[in-house]
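With these hints in hand, go ahead and build the complete structure from the sequences.
Order-wise, the sequence lines are chains Z and Y. For the first sequence, the working numbering assigns the number 50 to the initial residue and increments by one for each residue that follows. For the second sequence, the working numbering assigns the number 289 to the initial residue and increments by one for each residue that follows.
I should point out that these hints are in silico values taken from the structure, not numbers from a laboratory. Treat the hints with caution; some may be incorrect.
To be verified - Okay, derived cross-link-like pairs now, BS3-like style, lysine-lysine, Cα gap no bigger than 27 Å in a straight line: (1) 569/Y / 55/Z; (2) 65/Z / 422/Y; (3) 65/Z / 55/Z.
To be verified - Simulated restraints, written as ranges between beta carbons of each label pair: (4) 488/Y / 151/Z: 37 to 47 Å; (5) 547/Y / 149/Z: 34 to 44 Å; (6) 151/Z / 353/Y: 18 to 28 Å; (7) 373/Y / 165/Z: 29 to 39 Å; (8) 419/Y / 168/Z: 38 to 48 Å.
The C-beta atom is built at its ideal place from N, Cα and C for all residues, glycine as well.
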Amino acid sequence: MTRVYKWEVLKLLAQKRTYLGLGAAMLVPLIFVVVLTFRSGGPNDIPLGRSIRDTGLATPFVVLFFMSIWAFPLITALVSGDIVAAESHNGTLKTILTRSRDRGEIYAAKVLAAFTYTALVIAAMGVVGVVAASIEWGFNDLTSLSGTTVSAWHGLGLLAASLAIYAWPMAGIAAFGLFLSTVTRNSASAVVGTLLWALLMQLLGVLPGTESIRPYLLGEQFQAWHGFLRTPADWTPVVRALWVCAFYVGVPLAAGYLVFLRRDVAGE
Amino acid sequence: MSDAPPIEPMPIEACGLVKRYGDIVAVDHVDLSVERGDVFGYLGPNGAGKTTSLRMLLGLIRPTAGAARLFGRDPIVDGARALDGVAGFVEGPRFYPYLSGRRNLRLLGDLDGGVPAARIDEVLDVVELRDRAKDRVGGYSHGMRQRLGIAGALLRDPRLLLLDEPATGLDPGGMRDMRELIKRLAADGITILLSSHILAEVEELCNRVAIIRTGRIIYEGRLDELLQSAGGGYLLRASDPERARAVLLAHGIDGVQVVERELRFQADAATVEAASVALGKAGIGISLLAPHTATLEELFLGMTEQAA
Ligand SMILES: Nc1ncnc2c1ncn2[C@@H]1O[C@H](COP(=O)(O)OP(=O)(O)O)[C@@H](O)[C@H]1O
Ligand SMILES: [Mg+2]
Numbered sequence: 050m051t052r053v054y055k056w057e058v059l060k061l062l063a064q065k066r067t068y069l070g071l072g073a074a075m076l077v078p079l080i081f082v083v084v085l086t087f088r089s090g091g092p093n094d095i096p097l098g099r100s101i102r103d104t105g106l107a108t109p110f111v112v113l114f115f116m117s118i119w120a121f122p123l124i125t126a127l128v129s130g131d132i133v134a135a136e137s138h139n140g141t142l143k144t145i146l147t148r149s150r151d152r153g154e155i156y157a158a159k160v161l162a163a164f165t166y167t168a169l170v171i172a173a174m175g176v177v178g179v180v181a182a183s184i185e186w187g188f189n190d191l192t193s194l195s196g197t198t199v200s201a202w203h204g205l206g207l208l209a210a211s212l213a214i215y216a217w218p219m220a221g222i223a224a225f226g227l228f229l230s231t232v233t234r235n236s237a238s239a240v241v242g243t244l245l246w247a248l249l250m251q252l253l254g255v256l257p258g259t260e261s262i263r264p265y266l267l268g269e270q271f272q273a274w275h276g277f278l279r280t281p282a283d284w285t286p287v288v289r290a291l292w293v294c295a296f297y298v299g300v301p302l303a304a305g306y307l308v309f310l311r312r313d314v315a316g317e
Numbered sequence: 289m290s291d292a293p294p295i296e297p298m299p300i301e302a303c304g305l306v307k308r309y310g311d312i313v314a315v316d317h318v319d320l321s322v323e324r325g326d327v328f329g330y331l332g333p334n335g336a337g338k339t340t341s342l343r344m345l346l347g348l349i350r351p352t353a354g355a356a357r358l359f360g361r362d363p364i365v366d367g368a369r370a371l372d373g374v375a376g377f378v379e380g381p382r383f384y385p386y387l388s389g390r391r392n393l394r395l396l397g398d399l400d401g402g403v404p405a406a407r408i409d410e411v412l413d414v415v416e417l418r419d420r421a422k423d424r425v426g427g428y429s430h431g432m433r434q435r436l437g438i439a440g441a442l443l444r445d446p447r448l449l450l451l452d453e454p455a456t457g458l459d460p461g462g463m464r465d466m467r468e469l470i471k472r473l474a475a476d477g478i479t480i481l482l483s484s485h486i487l488a489e490v491e492e493l494c495n496r497v498a499i500i501r502t503g504r505i506i507y508e509g510r511l512d513e514l515l516q517s518a519g520g521g522y523l524l525r526a527s528d529p530e531r532a533r534a535v536l537l538a539h540g541i542d543g544v545q546v547v548e549r550e551l552r553f554q555a556d557a558a559t560v561e562a563a564s565v566a567l568g569k570a571g572i573g574i575s576l577l578a579p580h581t582a583t584l585e586e587l588f589l590g591m592t593e594q595a596a
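Structure follows, in structure tokens:
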């Protein structure tokens, strides 16, 4: 299993689209810092937006908000939507399925590789954001959402926890991408389909009349990290994100698994 | 293990394989048995169902009906374990274009549980790709990919090799090299199933053959028996074919086929000798009189057309 996973990662590392997504995730916080350096004003009406020039710690949180709408879903879909379909496109599915590994193992390795990439993209954004913004505005104390002051190092810990919980709904998007990638066998349809699905999830959340289901929509879970930034920490959104996302991750993965296990591999 | 395979199970045993795509029956109740040491020719025109059959053997697609066993294991039931000791490819072998030939083989070796680097060099040598192994497969020619496909198969040290038209698309030199390679592998004791629409290839390489047409097997057996059963005739090229036919008839030889200026007929040697003297006396010139064994091509055309 480790070997199969290793090669899934190596294959990602050998493809341009991997760097496209990773590069974009690192570029966005940089652009953000550069623009706010040369222009006054800022994102005042979003969480931690007012603190943007007080400490470098605020930037990654603000970028998380902006990128959750379509940028992160797109970056994730770029790889997860491609990871099975690319094999169909290259015709390599038959090559790897006629060796000594069962289909389930190949699928599992692909799932892990796609999740690894997703986690890496989020972490890369966080690191670049903190470093770039701290160089510009200093690594200072952070004002929490409850208005209390949090030391810089404690704030860094909260950022790590926030990125971790943020990765969970992203994994839900990756799982959907894997499912579409398996079913459509076409990279472009899977990427676009995944993005549309992510946008639909957000759209449902802002429509009137959806209040009752809103806490259970995937898009809502991108805000779960707010819980960490309250004093004391509010675990309700965090715990809900954990189990709601387990559903959004599990269902498409299981469906994709069943399809992958049984499907005909002809001409791909 | 309650379902342990019997001792010495056959390399390939397929029973009633059917694959249907909507209205098309790509493979229609195919039975195949390939024995140890066979170089088995799976012969049929394009679209006959060769690739589809091989896909079912390798577990890539699920049969609509029937089952296939490789060394006693069914790939649909036993998964990758059914491919123990089995290697091969269907249609053109495919690789990751963005990885080098060697890295592609390392990947495949790892999917087999790990292969030492020296072994990769060995198989690269066998297919004469060692000096191009560091280049990306994306830049390989068709022939090089075909050879890399063989290298990838050999990496598994197979006892059974399934090759789907391995020489198709190669230039004459490449075809000859591919045949030599297959001969060597067969001489090493590897059982081989070779699908082909190239008759010369099957004639040159195979001891047993199955002929498939529109999904159905129309002949299965030894190649030499097939050739014999249709052979035993004579070929005559004469200056006046019509009068020659009359002379032959006078010697009790009927059923003479006239193809352009050539006559084909069945007779024993003594009758042929007597008839040749009579032909000369009748003033009919003979430019050729020779025993004629049907080529596989003629058999094949005869069989596929008569089944239509
Ligand atoms: N995936 C598929 N979907 C639909 N029809 C197919 C598929 N694969 C093969 N066929 C059809 O099945 C028949 C046999 O094809 P194939 O096995 O590729 O023949 P061969 O390899 O002998 O040339 C053809 O009529 C082909 O069009
Ligand atoms: Mg074919």
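So, going through the hints one by one against the coordinates:
1. 569/Y / 55/Z: 84 Å, violated
2. 65/Z / 422/Y: With a Cα-Cα distance of about 19 Å, the restraint between residue 65/Z and residue 422/Y holds, given a limit of 27 Å.
3. 65/Z / 55/Z: 18 Å, holds
4. 488/Y / 151/Z: 37 to 47 Å: 39 Å, holds
5. 547/Y / 149/Z: 34 to 44 Å: 53 Å, violated
6. 151/Z / 353/Y: 18 to 28 Å: Given about 24 Å between the Cβ atoms, the range holds.
7. 373/Y / 165/Z: 29 to 39 Å: The hinted range 29 to 39 Å holds for residue 373/Y and residue 165/Z, with Cβ atoms some 34 Å apart.
8. 419/Y / 168/Z: 38 to 48 Å: At roughly 41 Å between Cβ atoms, residue 168/Z and residue 419/Y fall inside 38 to 48 Å, so the hint holds.
In this structure, the hints that do not hold are numbers 1 and 5, in rising order.
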